[in-house]
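Asker: Work out the full structure: start from the sequences and follow the hints.
The listed protein sequences derive, respectively, from chains G and X.
Residue numbers for the first sequence follow our numbering, beginning at 1 and rising by one.
Residue numbers for the second sequence follow our numbering, beginning at 108 and rising by one.
It cannot be assumed that every hint is accurate.
[Stated by the list, open to error] Which residues of chain X face chain G? A partial, calculated answer using Cβ under 8 angstroms:
#	residue
1	His150
2	Gln167
3	Gln177
4	Ala479
[Stated by the list, open to error] Taking CB as the label site, the calculated pair distances span:
#	chain 1	residue 1	chain 2	residue 2	range
5	G	Asp8	X	Leu348	41 to 49 angstroms
6	X	Val415	G	Ala76	16 to 24 angstroms
7	G	Asn31	X	Thr433	30 to 38 angstroms
8	X	Pro376	G	Asn31	33 to 41 angstroms
9	G	Glu78	X	Gly444	48 to 56 angstroms
10	X	Glu352	G	His9	39 to 47 angstroms
11	G	Asn31	X	Gly181	16 to 24 angstroms
Calculated from the structure, these hints are not laboratory results.
Positions of the beta carbon are idealized from the N, C-alpha and C atoms, including for glycine.
Listed here are the chains, written in short residue letters.
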Amino acid sequence: MPQINYVDHSGTCTPIMVPLGDSVMEGAVANGVEGIVAECGGSAMCATCHVYVDPTFSALLPEMGEVEDTMLDLAASERHDNSRLSCQIRVTEALDGLVVRMPESQI
Amino acid sequence: MGTPVTVIVGASHAGVQVAASLRDLDYPGEVVLIGDETHLPYHRPPLSKSLLHPHDAEGQVLRPASFYAQKRIGLRLSSGVDAIEPGERRVRLRDGETIGFDTLVLATGARARRIPIAGADRPNVLTLRALGDAVALSQRLAQARDVVVLGAGMIGLEFAAVAAAGGRNTTVIDTTERPLLRAVSVEMASYLKDLHEAHGVRFLFDNGIARIEGKGRAERVVTLDGQEIQADLVLIAAGVLPNVELAAEAGLAVDNGIVVDANLQTSAPGIYAVGDCAAFVAADGRRLRIESVQNATDQARCVAAAIVGRPEPYAKAPWFWSDQYTAKLQIAGLWTGYDRAIRRDTADGSGFALYLFAGDRLVCVEAINATADHVAARKILGEGIALTPMDVQTPGFDPKAHMRQRAA
Ligand SMILES: Cc1cc2nc3c(=O)[nH]c(=O)nc-3n(C[C@H](O)[C@H](O)[C@H](O)COP(=O)(O)OP(=O)(O)OC[C@H]3O[C@@H](n4cnc5c(N)ncnc54)[C@H](O)[C@@H]3O)c2cc1C
Ligand code: FES
Numbered sequence: 001m002p003q004i005n006y007v008d009h010s011g012t013c014t015p016i017m018v019p020l021g022d023s024v025m026e027g028a029v030a031n032g033v034e035g036i037v038a039e040c041g042g043s044a045m046c047a048t049c050h051v052y053v054d055p056t057f058s059a060l061l062p063e064m065g066e067v068e069d070t071m072l073d074l075a076a077s078e079r080h081d082n083s084r085l086s087c088q089i090r091v092t093e094a095l096d097g098l099v100v101r102m103p104e105s106q107i
Numbered sequence: 108m109g110t111p112v113t114v115i116v117g118a119s120h121a122g123v124q125v126a127a128s129l130r131d132l133d134y135p136g137e138v139v140l141i142g143d144e145t146h147l148p149y150h151r152p153p154l155s156k157s158l159l160h161p162h163d164a165e166g167q168v169l170r171p172a173s174f175y176a177q178k179r180i181g182l183r184l185s186s187g188v189d190a191i192e193p194g195e196r197r198v199r200l201r202d203g204e205t206i207g208f209d210t211l212v213l214a215t216g217a218r219a220r221r222i223p224i225a226g227a228d229r230p231n232v233l234t235l236r237a238l239g240d241a242v243a244l245s246q247r248l249a250q251a252r253d254v255v256v257l258g259a260g261m262i263g264l265e266f267a268a269v270a271a272a273g274g275r276n277t278t279v280i281d282t283t284e285r286p287l288l289r290a291v292s293v294e295m296a297s298y299l300k301d302l303h304e305a306h307g308v309r310f311l312f313d314n315g316i317a318r319i320e321g322k323g324r325a326e327r328v329v330t331l332d333g334q335e336i337q338a339d340l341v342l343i344a345a346g347v348l349p350n351v352e353l354a355a356e357a358g359l360a361v362d363n364g365i366v367v368d369a370n371l372q373t374s375a376p377g378i379y380a381v382g383d384c385a386a387f388v389a390a391d392g393r394r395l396r397i398e399s400v401q402n403a404t405d406q407a408r409c410v411a412a413a414i415v416g417r418p419e420p421y422a423k424a425p426w427f428w429s430d431q432y433t434a435k436l437q438i439a440g441l442w443t444g445y446d447r448a449i450r451r452d453t454a455d456g457s458g459f460a461l462y463l464f465a466g467d468r469l470v471c472v473e474a475i476n477a478t479a480d481h482v483a484a485r486k487i488l489g490e491g492i493a494l495t496p497m498d499v500q501t502p503g504f505d506p507k508a509h510m511r512q513r514a515a
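Answerer: Here it is, written out as structure tokens:
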């Protein structure tokens, strides 16, 4: 199982083994990682699963769809170039070691 | 004074959010969250969408079990509240135990409406509200060939879409003259009706089920106008009833939901109601009960703030979504009261949005595969940004640009 590293706003990192095919959001919620709210359960409707992806992994991520791109404008914390909705990123072998930073606030 | 206690009745979208928000706001007291379902609280929307696969019998949990322990939320599952004793400030559980409270939050939600139809007690006649319903329904669907859905509301249509996309003969029957009479505009309903028909769904409007027939199990339904339709699976999706009995028996005001004031407090001080069970007053003065995740969680946050001494009137702009085939329906605002619909097609023609106005005031935007319009509408309605019918009709109108320009 690939390891995903969730870094909260204060810098604390929680490494979680996430099953292949689950989303980065699901990996966080299933393990009680705070900082990802996921109010809509992964329907790309709430933008409360916003994360900043470590740029070294950018090229390995699935391309951002239009829905995700647009929904990110509703995120509570500032949008950056490396902003993604974690519910739209499925975990693959290639993402082993992925580092995502969680914003100060999701609501 | 001892530690204050907040008791929350109903452990689903609304109840869980009240508990979580109380902890986020550093509520110093005890939090007891009582739910009568057996599963850990789970996401309900997937039940009529992705969850209709038998392997998902565990559901998609809102939070893992460890969350409740960490947050010191006393989660009690498989446990129903039988009575509220407002004078004694305690609730009584089904097994007779009583729990005292300083503050009580009713998050009892709603249940599927059952219709007294002869033959509706057959094992292949189902309703859809809870996880167990979805599991049973998906197992039946796997074996079914002819599916009849009573009720062309959101859940009926989502299920019809799953059935039709899976190659089942699907008939949707409704007593009204169009689908989604309560949920979307006439124009959007007409689009969705065409979409379903293009996928082979047959609609019977201004009609209903007189009786369900068959040996032991349902084999056919007989409509009010006498048509016989083969059916080896019947879903009764005729709306919901808010769970108000507990409140009513305790003497709280009830009127199509538990009546609450602007701060979501019931007619009894220190007792609040949130989510699908709460009849609140919207910004325009109408009394409303909204069935959506957004409403449940935003109201929950509002009540948690009130409990920690920061009451504020509830005033969030509603939003909602539904997935049917490849159409992603996204709604911002409430459609009722509109007198004019202006359609905007996306540049690539793959989607469109209906801007619904009451006079010159935007009340709602219904989008199909047009997320930019939806997102802009949420900002426009949520932040009170001006948008006129003329703006939308201007050639080259770009909702996002409008939102940014006016917000700046
Ligand atoms: C199939 C389906 C699909 C949906 N799809 C969408 C969607 O796409 N988007 C959207 O926004 N919304 C959707 N909804 C609506 C959304 O799920 C509800 O608005 C939401 O669940 C409301 O949350 P709630 O906590 O207020 O009530 P509920 O979810 O109904 O929860 C109330 C809980 O209280 C419990 N309870 C009741 N009485 C008692 C008692 N006396 N003691 C203890 N426990 C009690 C109930 O068993 C239940 O667990 C859907 C609903 C269904 C059923
Ligand atoms: S969980 Fe709602 S947008 Fe990702």
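Asker: Run every hint past the structure and note whether it holds.
Answerer: Hints and how they fare:
Proximity of His150(X) to chain G holds as hinted, the smallest CB-CB distance being about 4 angstroms (cut-off 8 angstroms). Interface restraint check: Gln167(X) against chain G, minimum CB-CB distance 6 angstroms, threshold 8 angstroms, status holds. Given hint, Gln177(X) at the interface with chain G, holds; its Cβ is 7 angstroms from that chain's nearest Cβ, closer than 8 angstroms. Of the supplied interface hints, the one on Ala479(X) holds, with its beta-carbon coming within about 5 angstroms of a beta-carbon of chain G, less than 8 angstroms.
Separation of Asp8(G) from Leu348(X) is about 42 angstroms and conforms to the stated range, judged on CB atoms against 41 to 49 angstroms. The given range of 16 to 24 angstroms is respected by Val415(X) and Ala76(G), whose C-beta atoms sit roughly 20 angstroms from each other. The given range of 30 to 38 angstroms is respected by Asn31(G) and Thr433(X), whose C-beta atoms sit roughly 32 angstroms from each other. Hint check: Pro376(X) to Asn31(G), Cβ distance near 40 angstroms, so the stated range 33 to 41 angstroms holds.
For Glu78(G) paired with Gly444(X), a C-beta distance near 36 angstroms fails the hint of 48 to 56 angstroms. For Glu352(X) and His9(G), the hinted distance range of 39 to 47 angstroms is satisfied, since their beta carbons lie about 44 angstroms from each other. The hint said 16 to 24 angstroms for the Cβ distance between Asn31(G) and Gly181(X), and at roughly 22 angstroms that hint holds.
Hint 9 from the earlier list is the only one contradicted by this structure; the remaining hints agree with it.
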